[in-house]
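Asks: Below are the chains, spelled out letter by letter.
There are 2 protein chains.
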Amino acid sequence: MHDAPARTTRPQDFAPAFEEVSALLGDRFTTAASVRAHHGRDESYHPNRDPDAVAFVRSTEEVSQVVQICARHKVPIVPFGAGTSLEGHVVAIQGGLSIDMMQMNSVLEVNAEDLDCTVQAGVTRKQLNAHLRDTGLFFPIDPGADASLGGMSATRASGTNAVRYGTMRENVMGLTVVMPDGRIVKTARRARKSSAGYDLTRLFVGSEGTLGVITEVAVRLYGIPEAISAASCYFDSVQGAVDAVIQTIQLGIPVARIEFADEVQIDATNRHFDMDHAVKPTLWLEFHGTPAGVKEQAEMVQEIATEHGGGGFRWTTNEEERNKLWHARHNAAYSAAALRPGSRFWATDVCVPISRLAECIVETKKELDASFLPAPIVGHVGDGNFHVSFVLDPDKPGDVEEANRLNDNLVARALAMEGTCTGEHGVGYGKVDFLVAEHGDALAVMRTLKNAIDPDGIMNPGKILRL
Amino acid sequence: MHDAPARTTRPQDFAPAFEEVSALLGDRFTTAASVRAHHGRDESYHPNRDPDAVAFVRSTEEVSQVVQICARHKVPIVPFGAGTSLEGHVVAIQGGLSIDMMQMNSVLEVNAEDLDCTVQAGVTRKQLNAHLRDTGLFFPIDPGADASLGGMSATRASGTNAVRYGTMRENVMGLTVVMPDGRIVKTARRARKSSAGYDLTRLFVGSEGTLGVITEVAVRLYGIPEAISAASCYFDSVQGAVDAVIQTIQLGIPVARIEFADEVQIDATNRHFDMDHAVKPTLWLEFHGTPAGVKEQAEMVQEIATEHGGGGFRWTTNEEERNKLWHARHNAAYSAAALRPGSRFWATDVCVPISRLAECIVETKKELDASFLPAPIVGHVGDGNFHVSFVLDPDKPGDVEEANRLNDNLVARALAMEGTCTGEHGVGYGKVDFLVAEHGDALAVMRTLKNAIDPDGIMNPGKILRL
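Chains as they are written, first to last, in the working numbering: chain E, 8 to 474; chain H, 8 to 474.
Next up, chain E with everything else stripped away, as it sits in the complex (with noise of 0.2 Å):
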């Protein structure tokens, strides 16, 4: 099993600055060790490291005063959220503080109107859309895991929904981000569009905590849809089930999700959720629109798909019929981590041009077919995107050494593709090797960024850029 890199600093150097930030935030900050463990961890398979101590703070001024102690002495911060990313972006690999922003969470307006709304930090996309609910109004992406506005922000997250809104890098109007000397700093206004200076909001978009913390996200709004249908249908190969999207793509068809599932993966979903799908390649699409629209969608694709080979095309607007489709998709690594009991999973994440893609599915299909792993495969079809669950004991060096096989390939084939090894997880400590055959000369522009912004690299070090 892979390890977390060597840690270079002492906890004991800190002490000073714990102590003043103790004094600011009194019991909300704390060096317990179970509340330390929470934190070093996240939902992948990466090997934790606690911080040293951890803060919650309530308000931008407050993590501005943080980051200033922080900054004077050189300790390392670490952004935390909801703890839900896939890449140990949130491992405190140097120690330091974590600074838990999950106190901020306040709804801070909604401007219907203009379709937009400014949150803090720790607002989950649930609680969003739970509070926009009287609105008429939704926020789209939906990456599974109820992430906080925060982290999905830093992490360019995007999932099912991408295809038709877009990712967090198109959603996010600005940001209030306090830099590593803790300046306090707003990337944006609030116009749907500007060409006024430099896209400071797409550099923080995808950074990962590591240039400043996010404390507010200001991001777009629509209108929930008048009608929405769902459908799925199953193919005979992956061939088709990828032809069918990419045709249905290429006619401009305004799909809100088009989703892929193998046959492992269906019967995985079939097994937990007991259901009772044919056990082939299959699609599981939504159409978002009026009446009139779904249907006519609905129609177009079904066509499509039969052209493609495609059989037992249903669609349904029933509301309870759609949430369980989406239930058992939202959760498929679940059900694929439930193929062997007390199991993990680890999710790859690699997006390819759809030219590539049925291409691409199927030779990595070919190797984990020959694999001992179980690792069903599940896909944002419509952006290139997917994702190979490993099931796997993080405990067995063999389970973890085939899955880094695996995956090493995998992201080689992406990358001979004209992809990325990350579509939508980002890099965190689990990836940060993938960037260098990825970007080439590109990755040292990233590092004087890194540099000029953030000179004694204390945000969130060892993620994205080894410096």
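None of these hints come from the bench; they were simulated from the model.
Quick caveat, the model's predicted, so the values are computed rather than measured.
A couple of the hints might just be wrong.
[As the list claims (entries may be wrong)] A short, non-exhaustive set of chain E residues, derived as facing chain H with CB atoms under 8 Å: (1) TYR205; (2) SER214; (3) ILE256.
Note that beta-carbon positions come from the ideal geometry of N, C-alpha and C, so glycine has one too.
Fit chain H to the known structure of chain E by using the hints.
Replies: Relative to the frame of chain E, chain H by itself:
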């Protein structure tokens, strides 16, 4: 009339560098006065300043070599595209070398299945769309002018289609950039989405040549809609027109264009193009979709317009009528300029949240009505972006002074409404001072980025930031 900032460099210091560039490029390097004069101005009223020499480049490698020479000798570099910028972006404030990108005009690859293509920076949007004609695809971003894709990327351009298809921010997938030290960097691979590190693409989109020279651009493409229809409708008040827009956007009706023109612009358009629109605040719309879809959209918008006092609703799928409408819209500024023969125009560019748009336009019109300058208004109102076209004689100090006064007030008004001083034209050297009020401390972060990436300040000095 305002002057360009003072030149602090001496042309003779650049002679050794120019000798090297001349040896490299032969007759594609020139110091001819007429060529320099063409490269020292854009389409704005801003005072010109000529570069000391112009280099016509043909490849990324050539740009890299030229930039390396300039970097060694600290010669200012101004990338030059179609020259259609509106805030003096290409004016050579510190002299130096203009790098003309327009011979880099090859479409490098079209990936029809992936809905993307890669072009050299000098390809214009009309050239690209002509190239794409047989593929069934198109590139939607349409700033009116036939700008180069490199220039459109550099200014984060948008235009009439942005309400549906987004701006260059959303549609550039990746860039090849020559950095200020000559390194060649690719900002992203061809995946639709990625969380693999800092978003270098978005850092360079909107950087106006101040961080490097964009040499290749990969952009998203879209299927040409099966059906396109256009509509127009007039209102008794600005408020009615804007309220109709807000409701259209809020209901999620996927209008492809929703453009506003005030009665002053309609009058100018009627005169210039011999048309007979009612001289009232007017909306011009376009719908993209299936035949049933565009019909449904038009009917919904007609109903909304009627609710808000709209009259004379006309819609058409006739291509000739549609083209006539959009030709008149694209040439609004020229028909405005024709109101006073011999005049030029100065287009303002604020963008505000649409909930404030009616208020912003109404207050602005009150001031304009009291002014002696003709000043029609058009707007990409779905985005909250509108332009006042001051019709002025740049040689009359009174004209320019009055336009400056009105524009200062307009920007202040927009900023007070959480808007931006520029929705799509960019900063150039015309809006440098407004950024202080707009961004506050965030401007210092932009300065940090600029200094880190271009420590010698050779890239388009005097634009976006005052250093």
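Asks: Evaluate each hint against the coordinates.
Replies: Evaluation of the provided hints:
1. TYR205: holds (5 Å)
2. SER214: holds (6 Å)
3. ILE256: This hint holds: ILE256/E lies near chain H, its Cβ roughly 7 Å from the closest one there, short of 8 Å.
Of the numbered hints listed earlier, not one is contradicted by the structure.
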